[in-house]
Amino acid sequence: MALKIYERHLAREIYVAVAFILLAFLMLFAFFDLIHELESVGRGGYKLQHALGFVAITLPGRVYELFPIGILIGTLYALVTLARHSEIAVLRASGLSTRDFIGSFMRLGSVFAVLIFLVGEFVVPFSEQYAQHWKLKAQGNVVASEFRSGAWVKDDRTFINVAEVGSDSSLNSLRIFEFDHQFHLSSMSEAKKGHFVADGEWLLDDVVRTVFSGETARVERYASQRWKSALNPELFVVLMISPDRMSIFNLVRYITHLSANQQKTNRYEIAFWKKLTYPLTPLVMMVLALPFAYLQDRMGVTSTRVFMGVMLGVAFHMLNGLFSNLGTINSWPPFLSAITPSLLFLLVAMSLLWWVERR
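For this note's numbering, count along the sequence shown from 1 and bump the result up by 412.
Careful, some of the hints might be misleading.
What the hints assert, rightly or not - Think about it this way: if two alpha-carbon atoms lie no more than 35 Å apart in a straight line, the pair counts; the simulated DSBU-like pairs of lysine-lysine are:
hint: 1; residue 1: Lys459; residue 2: Lys416
hint: 2; residue 1: Lys549; residue 2: Lys676
hint: 3; residue 1: Lys416; residue 2: Lys566
hint: 4; residue 1: Lys605; residue 2: Lys566
hint: 5; residue 1: Lys566; residue 2: Lys640
hint: 6; residue 1: Lys676; residue 2: Lys640
Hints in this document: simulated from the structure, not taken from any laboratory.
Assemble the whole structure, with the sequences as input and the hints as a guide.
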């Protein structure tokens, strides 16, 4: 459906303002990311140019993360500027109601919603994975694990401990603990390296396998050995990427793997629902900016309102992360943990609209 004349004017002002705000925030956060990456410069072959490349490759992830803040502040700035020029007052005097404004924002915000979904689903997962490979290759090193003892993965009645995951998805210094039906340790294998051969099969090098039988144990040594497992390199990529930066497909696949092994999935289920509900946040942010455009200049200057928008954007960003962490710790329903920040801010937006219309 073609946009009305005033909607085209709003679109032009809002889109330009949002692009400008996002660019400013992106440059600021890229600077902070670069400072953080300087700590890694000098490790192995990791140099300044590699740090700059790493920060550049991870920019799509930053854009995805900063979208709601940028949309809120950009929309707020555009509307306040229009209000200062009395354009909002003219539109309202000509019969444009709050419901009409919200309807226009729904249409204009749908562009942001589609863009956020496409970036989050197709650009960010690829860029994050490539950035980690870039860094690991430059360092000639391995992926950092969550525990000092390495990464732990469960596959049915087998527990796998991997000290290092190489940038080529090879496994270094791994240990495999196999248990029987009564959950008694039946064997323990240690291998210096593991390479993925085919679907469901790995090739292990320099294997030392200890087999337990009753009160006896025997040691077997192999130069190489085939190892069948449901694990694949894509699952180990999860160790390098935050759940919020994964694609919906990879989240579903990893949640299925964890569920099949009776492991907690709450963290990844919250990330899954956030991926589905996150594209709706631009609509909430745009509605939240509308009450500030209704306030007359005597209620405050433009800079004050923009500052309030910045504070609200930062609050949303912090609340979004807080509810994800609280939901994981307290095992809250994943959907509620993901959608609650947006619902709270929508409630705030509606309350502010009710207040300014009845002043």
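Hints versus structure:
| no. | hint | in the structure |
| --- | --- | --- |
| 1 | Lys459 with Lys416 | 53 Å, violated |
| 2 | Lys549 with Lys676 | 32 Å, holds |
| 3 | Lys416 with Lys566 | 57 Å, violated |
| 4 | Lys605 with Lys566 | 18 Å, holds |
| 5 | Lys566 with Lys640 | 14 Å, holds |
| 6 | Lys676 with Lys640 | 24 Å, holds |
In terms of the numbered hints stated before, the structure departs from hints 1 and 3, listed from lowest to highest.
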